[in-house]
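Those sequence lines, one after another, are chains C and P.
Quick note on numbering: the working numbering labels position 206 of the first sequence as 211, and the sequence is numbered without any gaps.
Quick note on numbering: the working numbering labels position 144 of the second sequence as 149, and the sequence is numbered without any gaps.
Check before you lean on any hint, since a few could be wrong.
[Stated by the list, open to error] Chain C residues, not near chain P, derived (Cβ > 12 Å throughout):
no., residue
1, K102
2, G194
3, I249
4, A297
5, S382
6, E407
[What the hints assert, rightly or not] Dumping the calculated DSS-like pairs for lysine-lysine here, alpha-carbon to alpha-carbon at most 27 Å:
no., chain 1, residue 1, chain 2, residue 2
7, C, K150, C, K129
8, P, K412, P, K389
9, P, K52, C, K261
10, P, K192, P, K150
11, P, K30, C, K412
12, P, K237, C, K237
13, P, K229, C, K150
14, P, K157, C, K412
15, P, K261, C, K229
16, P, K12, C, K150
17, C, K150, P, K406
18, P, K12, C, K157
19, P, K261, C, K157
20, P, K12, C, K237
21, P, K237, C, K424
22, C, K406, P, K157
23, C, K406, P, K261
24, C, K406, P, K12
25, P, K261, C, K30
26, P, K229, C, K157
27, C, K12, P, K150
28, C, K192, C, K229
29, P, K389, C, K12
30, C, K150, P, K56
31, C, K30, P, K157
32, C, K94, C, K52
33, C, K389, P, K237
34, P, K150, C, K30
35, C, K237, P, K412
36, P, K412, C, K261
37, C, K237, P, K416
38, P, K237, C, K406
39, P, K150, P, K129
40, C, K157, P, K30
FYI, nobody ran anything at the bench for these hints, they're computed from the structure.
Glycine included, every Cβ here is placed at the ideal spot set by N, Cα and C.
There are 2 protein chains.
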Amino acid sequence: MGKETVKIGLIGLGTIGSGFAALLKRNNSYISENSGINLELSKVADKDRAKLEAQGFSEELIAGDIREVTENPDLDIVVELIGGLEPAKTFITEALKNGKHIVTANKDLIAMHGKELLNLASEKGLNIYYEASVGGGIPLIRPLKHSLAVDKIYRLVGIVNGTTNYIFTRMAQDNLGLSDALIEAQKLGFAEPDPTNDIEGFDAAYKLMIMSSLAFGSIVERDKLYVEGIGKVTYEDIDYAREIGYAIKLLAIGEKLPEGLALRVHPTLVPFEHPLASVQNELNAVYIEGDAVGEVMLYGRGAGAMPTATSVLADVTEAARSVIFRPNAGVIESSSSQLPLIPIEEMNTRFYLRFLADDRPGVFAALANAFGDEEVSLDMVIQKRRVGNTAEIVLVTHEVKEAAFRKALDKVMSIEAIKPEPSMIRLLS
Amino acid sequence: MGKETVKIGLIGLGTIGSGFAALLKRNNSYISENSGINLELSKVADKDRAKLEAQGFSEELIAGDIREVTENPDLDIVVELIGGLEPAKTFITEALKNGKHIVTANKDLIAMHGKELLNLASEKGLNIYYEASVGGGIPLIRPLKHSLAVDKIYRLVGIVNGTTNYIFTRMAQDNLGLSDALIEAQKLGFAEPDPTNDIEGFDAAYKLMIMSSLAFGSIVERDKLYVEGIGKVTYEDIDYAREIGYAIKLLAIGEKLPEGLALRVHPTLVPFEHPLASVQNELNAVYIEGDAVGEVMLYGRGAGAMPTATSVLADVTEAARSVIFRPNAGVIESSSSQLPLIPIEEMNTRFYLRFLADDRPGVFAALANAFGDEEVSLDMVIQKRRVGNTAEIVLVTHEVKEAAFRKALDKVMSIEAIKPEPSMIRLLS
C-alpha cells in the first residue's frame, strides 16, 4: 500500500508548538511506517517571525500571513497552539470554513466556545480534536469520546491542575507554607510567573467544563460553576487532615444527579485509600465512575511540552485518518517486525530471597562468599525470627543478571546449613 | 441528519455476551441520539439454543446455524464472545471473508493469531477491534493504538489479572494463606472453579503479548515468554516485603531494550510509592512509560460482565463508525442538551472545619447548639493544641446541604468566644 501524505499547518510556536514540531520530526518516519500515512508539516505561523527563523524553519515553510495557513488550499489539518480566546477563535473559524480539520490544545476556547466550533465543523464534514486541552499527555478526551461514551457516566473527579497538586504535595511533605511551595513550583517550572489561573482554580474549571460536556453531554456556563482556589489552605489543615486519614487535593468534581449537574472546583479532603490521594507532585489523574464500567482512572503528566505534544500528535494522526479514510488507515497496530526476545536469564533484576538456615557461626560468611563469587551484591540482609536453632534470613540484591543470580543461588543452596526451598521474588526496578 | 442503522450479529451468549446484549438494549437510544448511528442487534448465536430462548430472544433473532451470522449479507459487524482458539478463529475468518468488521474479547485468539487475522481484515478493508481482550472495562487497547502510538513506548508494567491481585490483597490484609484467599476469591466470583490460568500467570501472559504487540510493534511467541505464577508466594513474604517498603503484585512487564524485548510475567516486589502498589483487590492497572509522554497509568475493572461489555460496546460503536464513515459520525460529544446546574448551596457535602476559640466553659455547648439548630450533625470533634487561653478545634460533619452548613457556620462564628477566619474544606464523599 502506498503512503499517502497529509499536510499540516501549525499556528503558534511557543513551548507546546515547538515541542510538537520536534516530536513530529523525531517520530515521523516511525509513524509513517506503522500507519501508512505520511504527515508533512507544510506551513508554520507565529506572530514572532524571528522565533520561527531561530528554530530553523525554512523560508518556504514560514507563513508571511496567517491566511497562508487558514486559507491555504494545500493544507488538510490546522494545528492551533497559541491559546486564549482571540485570535485563536477567528483563525480556527477561518480554517474550518476553508475545509481544514482542527487540532488544538486550547482549553479556554474549547470550554467557552467548543459547541459552536464543533457545530461549524460538523456542518462542514470536518472535526476538531482537543485531547491536549485537558490532562496534557493523558489519554482522556479520546476515552471519554470513544470508550466511556457508550456507558452512562455519573461522576468524574479530577486532579487536573499540576501546579496546585505540586504545591499541596510539597506542603504535606515538608510542612511548607503555600507561598514557599509556590516559589519552589515556579523555580521548577511547575507554576507560571503569574499563577492566578492555577491557584484560583480557573484552569481546573475550564478543564471540568470540557470533561463534563463529554461525560454528561451537557454544556455548562462558566459563571454558574462554583470555583474555589487553594489560597486558604494551610499546612496545619494538611497536618490535621492526615491525622484523620485524608490528603488535601484541589479537585474538579462533576456529578450527574436526578436534579441536574453538580459541578465544582475546590480543595477537598480525599481519603487515603482513594486512588486520587496518592497522585503526587505535578501529576494529574481523573477518576471516572459509570453505571456499567464501574470505576476507571486515567493518570499521567497533565502538563509539559512533550507530554502535551504527544496528545497533539495523536490528534493529528487521528485527523489524518479522517482525511484518508480507510477503516484501518492510521491505526498503528499491525507492525510486521519481530524484535528478538531477551531470555529471562539475560535480564537484569533485583531479587528478594528468603530461606531458613541453621543458626551457627560461619553461615553468613559462606553466604557472602557464594554471592561474591558470582558478583551478586547485596543491598540488604536481615536475620528474622529464630525458631529453636533455625533462623530465617531475608535478603535483597542490587540489580544483577538473572543467570548470575541463579548460579549464586545454586551455590547458596548447596551450603549445608541452609534449608531447601527458598522463596525468591523479583523487584520492580 | 437522519439516523443510519448498523446491523450486528452476536456469537456467544455467556456472561459477557449476555452483559453486552443487556447493555446495548439499555443504552441504545442514548447512543443513537448522541452518535447519530442506530445499532441493531440482528442475529444471536449460541451452541446452547435453550439459553437464547431463556434470555428472551425472538425466534427471528436466533440463528439456527452459525452461517446465519458469519455469512449473513445483512450484518455489518460480528461480535465474537465465545472465547478460546477454535471454533472462534474459524467463525471470525468466515465473517471477515464475508465483509464483516469483527469485535472480540478473545485474548487467547488475539495473542496467538492476532497478526494473521488483522492482516486478513486489512486485505478486506475491514478491521478487528479487541479492547475487551485486555483490562476489561479499562480503555487500554484504544489509547495504545491511537494516543500513545505516536510516542516511543519503552516500558509497560501491568497488573492485568484480577484474580491474583485479589488474592495478594487478601493475603496482605489478613495474613491469609494463598489457598484460603483463593477460596474466598472463588466464593466472590473473582476466581474460576479451575483457577490454573490465573494462578499460573497464563492469563497475564496472553494479555502481555497483546499489549506488547501494540506498544512495541513486535509479535511475540508464547513459548519464549518467561511466565511464573503466584503459587510459591507466602504471607511471610508479603509481610517481610511490607517491612522493607514493598507490596507484592503479579506483574506483566514489557521493556524495549537495545538488545530486544524483555517480556516476563512473575510475582514482583513493587515499592509502596509506585502507583501500581496501591491497586487493590480485583482491580487492574497498566503503567506505561514513553519517551515524550512520560508516564501514563490506566486503571479500572479488569474483568466482570458489565465492565467488559462496555469495552465491547465501545468497539461496536467504533466499528459502526467505520461502516458509516463521516469524520464526526459516531463520535459522542456534541450533545445539544443543557442540564440544569445545581448551585453549590444545594449540594450535599461533608465539611472539615478548623478554628480557634477561647478555652472556657460553655463554648462546646454553644457550638453544638449552633450546629444542632441547622440539623448539621458532627462526625468528629477534636480539640487540638492550646496556646495560652486559646484552643484549636477541628471538626468534621456528616453529609449536609451546603446552605444549611453555611447557616450553622454563621451562627458558630457569631459565638463570642470563637475567633474569626475559620478554615473550611469539603470532603470527597
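- request: Kindly indicate which numbered hints from before are broken by the structure, ordering the numbers from low to high.
  value: Structure breaks hints 3, 4, 6, 9, 10, 11, 12, 13, 14, 15, 17, 19, 20, 24, 26, 28, 29 and 30.
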